[in-house]
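Novice: If you want the building blocks of each chain, they are given just below.
There are 2 protein chains.
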Amino acid sequence: MKTRVFVTLKPSVFDPQGKTIVDALGSMGYAGVRDVRQGKYFELDVDAGTADEARSLVSEVADKLLANPVIESYRVEVDGEGNDV
Amino acid sequence: MKTRVFVTLKPSVFDPQGKTIVDALGSMGYAGVRDVRQGKYFELDVDAGTADEARSLVSEVADKLLANPVIESYRVEVDGEGNDV
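Those protein sequences? They're chains A and B, same order as listed. For the first sequence, the numbering used here begins at 1 and goes up steadily by one. For the second sequence, the numbering used here begins at 1 and goes up steadily by one.
It should be emphasised that the hints constitute simulated quantities derived from the structure, not laboratory data. Positions of the beta carbon are idealized from the N, C-alpha and C atoms, including for glycine. Incorrect hints may appear among the rest.
Pair by pair, the computed Cβ-Cβ distance ranges are [claimed, not checked]:
id : chain 1 : residue 1 : chain 2 : residue 2 : range
1  : A       : G49       : B       : S56       : 38 to 44 Å
2  : B       : T50       : A       : T20       : 25 to 31 Å
3  : B       : M28       : A       : A31       : 30 to 36 Å
4  : A       : D63       : B       : G49       : 38 to 44 Å
5  : B       : G49       : A       : G26       : 18 to 24 Å
6  : B       : K2        : A       : T50       : 28 to 34 Å
7  : A       : M28       : B       : A31       : 31 to 37 Å
8  : B       : K64       : A       : G49       : 42 to 48 Å
9  : B       : S27       : A       : D79       : 23 to 29 Å
10 : A       : S27       : B       : S27       : 32 to 38 Å
11 : A       : N68       : B       : G80       : 30 to 36 Å
No more than 20 Å apart at the CA atoms, straight line, and that leaves these computed lysine to aspartate or glutamate pairs for DMTMM-like [what the hints assert, rightly or not]:
id : chain 1 : residue 1 : chain 2 : residue 2
12 : A       : K40       : B       : D52
13 : B       : K2        : A       : D63
14 : A       : K19       : B       : D35
15 : B       : K2        : B       : D35
Just need the whole structure built from these sequences, with the hints factored in.
Specialist: So this is what it looks like as structure tokens:
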């Protein structure tokens with residue numbers, strides 16, 4: 001079953017990568033880009049009978065390996081579920 | 001206007017980071033995870049009058065700075081558009 005995990009820095013955490021991208025875009029003439037936050041994106045293909053099982057497995061994996069819960073939060077999407085974008 | 005860019009390696013490009021994650025998960029007991037592909041995720045806040053303008057600006061930025069079109073592909077989502085997930 002196809003799942004996706006989006007890992008982002010918590011809003012209170014400063015994002016130097018994003019700041020660097022905004023500065024680079026400014027010097028390239030893209031002043032219309034006000035803010036950038038960079039995160040990580042994972043596509044996981046998992047063995048699971050139901051979407052709920054897949055979500056539970058992938059959430060556990062995200063907590064333990066993909067995200068650092070101290071400074072990052074994550075969101076899980078599972079194919080075949082009503083996903084909130 | 002809030003937009004999101006997902007950058008992923010093209011399917012034909014080997015993803016050593018993803019392979020490492022699958023191996024690590026296997027050794028942690030998560031054999032149910034068959035495949036992982038890692039990508040990048042950006043949230044951009046842009047000045048744009050319409051969703052179409054925002055999409056066009058962000059696609060240009062993704063082409064020039066966020067993605068390497070030789071080995072990566074990207075997908076853009078704009079708030080307030082009918083987004084295909």
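Novice: Hint by hint, note whether the structure agrees.
Specialist: Now the hints, each set against the structure:
no. : hint                      : in the structure
1   : A:G49 x B:S56: 38 to 44 Å : 42 Å, holds
2   : B:T50 x A:T20: 25 to 31 Å : 28 Å, holds
3   : B:M28 x A:A31: 30 to 36 Å : 46 Å, violated
4   : A:D63 x B:G49: 38 to 44 Å : 40 Å, holds
5   : B:G49 x A:G26: 18 to 24 Å : 20 Å, holds
6   : B:K2 x A:T50: 28 to 34 Å  : 32 Å, holds
7   : A:M28 x B:A31: 31 to 37 Å : 46 Å, violated
8   : B:K64 x A:G49: 42 to 48 Å : 44 Å, holds
9   : B:S27 x A:D79: 23 to 29 Å : 26 Å, holds
10  : A:S27 x B:S27: 32 to 38 Å : 44 Å, violated
11  : A:N68 x B:G80: 30 to 36 Å : 31 Å, holds
12  : A:K40 x B:D52             : 25 Å, violated
13  : B:K2 x A:D63              : 26 Å, violated
14  : A:K19 x B:D35             : 32 Å, violated
15  : B:K2 x B:D35              : 30 Å, violated
This entry does not satisfy hints 3, 7, 10, 12, 13, 14, 15, going by the numbered hints stated previously.
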